[in-house]
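2 protein chains.
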Amino acid sequence: MISQKARYALRALLYLAARGGDTPIQIAEIAEAERLPRKFLEQILAELKKPGIVQSHRGRSGGYSLGRAAKDISFADVLRVTDGPLALSPCVSVMAYRKCEDCFEETVCAIRKALLAARDATAEILESRNLAQAAAQLKRSGAI
Amino acid sequence: MISQKARYALRALLYLAARGGDTPIQIAEIAEAERLPRKFLEQILAELKKPGIVQSHRGRSGGYSLGRAAKDISFADVLRVTDGPLALSPCVSVMAYRKCEDCFEETVCAIRKALLAARDATAEILESRNLAQAAAQLKRSGAI
DNA sequence: GTAAACCCTATAAGGTCAATAGGAATTACC
DNA sequence: GGTAATTCCTATTGACCTTATAGGGTTTAC
Chain U
4 MISQKARYAL RALLYLAARG GDTPIQIAEI AEAERLPRKF LEQILAELKK
54 PGIVQSHRGR SGGYSLGRAA KDISFADVLR VTDGPLALSP CVSVMAYRKC
104 EDCFEETVCA IRKALLAARD ATAEILESRN LAQAAAQLKR SGAI
Chain Y
4 MISQKARYAL RALLYLAARG GDTPIQIAEI AEAERLPRKF LEQILAELKK
54 PGIVQSHRGR SGGYSLGRAA KDISFADVLR VTDGPLALSP CVSVMAYRKC
104 EDCFEETVCA IRKALLAARD ATAEILESRN LAQAAAQLKR SGAI
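Respectively, the protein sequence lines represent chains U and Y.
According to this note's numbering, the stretch in the first sequence is residues 4 to 147, in order.
According to this note's numbering, the stretch in the second sequence is residues 4 to 147, in order.
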């Protein structure tokens, strides 16, 4: 299951993507529109800023905007920030590989083989879905 | 990421599958062979028993054996017991559907669409991998 | 200069995870 | 029928994570 943080992040990002434009949007506006806890959202946006998913503008009339084109921000990008690796085991993570604690021999681990296939399948989906597609879906369905 | 409990469960089940035979195998033997915490394993096996993944034999010379053919126990079956639904959101879970807390309208939710696709991809893999295949792999590679 | 925004760190309640512990119930065997 | 070996059941514990909330510091437009 994804975390609440991930849900909030995705909703905030979709709001930014759907809203479009170049002018920064304030945390307060996003929080109210999407009904997200303001201070928690503040922390989440700060995390999304580090890898460049969003960019911030400080001072009066500051706010947040997407850090790159919406079509270049995948669901995988977002979930990796909020929830860590997509993989079901560190030993099959591509972005954050780590050897398992007491793994006998990785190359013959039957568990690893299954988890690796699962990771690849998940990653293929989540890396192919991006904010632009999702925002377009919402607009088509009249939700925005 | 899967839990430690899930790893232990899979290792214990693979041991039972590879060991084969009809006579029950004691917790103590599994724990020693796979180097799992004995008492923790006890709890895990109790959970695996409820849905019939393993069956127990009480009393002296009791122990555990698989509850059905190894080829009929998938990785998905095991992970659902130890870690809950495969889905990334309750609203896309097939086995344990639940509506999201403050979901505006499920049918148009762009987040849901992506998570649903991810669930289907994951489930397809994990439901196709079973203990018999995995145990056979281990034997072929000489790990057992 | 001041108000409005983001930035940074600390705190806290509640839950989950990964065990550990101790004894009750059951059964094979002599 | 007694005894030893095994599973079964419930409680407890410490560490960590999640989901916030709080308060002030820093920056910038006007």
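Certain hints may be false.
No copy labels: a pair is met if it fits in one copy or bridges any two.
As the list claims (entries may be wrong) - Pairs of lysine-lysine residues, derived as DSS-like cross-links and limited to a Cα-Cα distance of at most 27 Å, are as follows:
#1 Lys116 with Lys142
#2 Lys42 with Lys53
#3 Lys116 with Lys74
#4 Lys142 with Lys102
#5 Lys53 with Lys8
#6 Lys42 with Lys52
#7 Lys142 with Lys74
#8 Lys42 with Lys102
#9 Lys116 with Lys8
Hint data in this document are derived by calculation from the structure and do not stem from the laboratory.
Practice task
Sort out which numbered hints this structure fails and list those numbers smallest first.
Solution key: none
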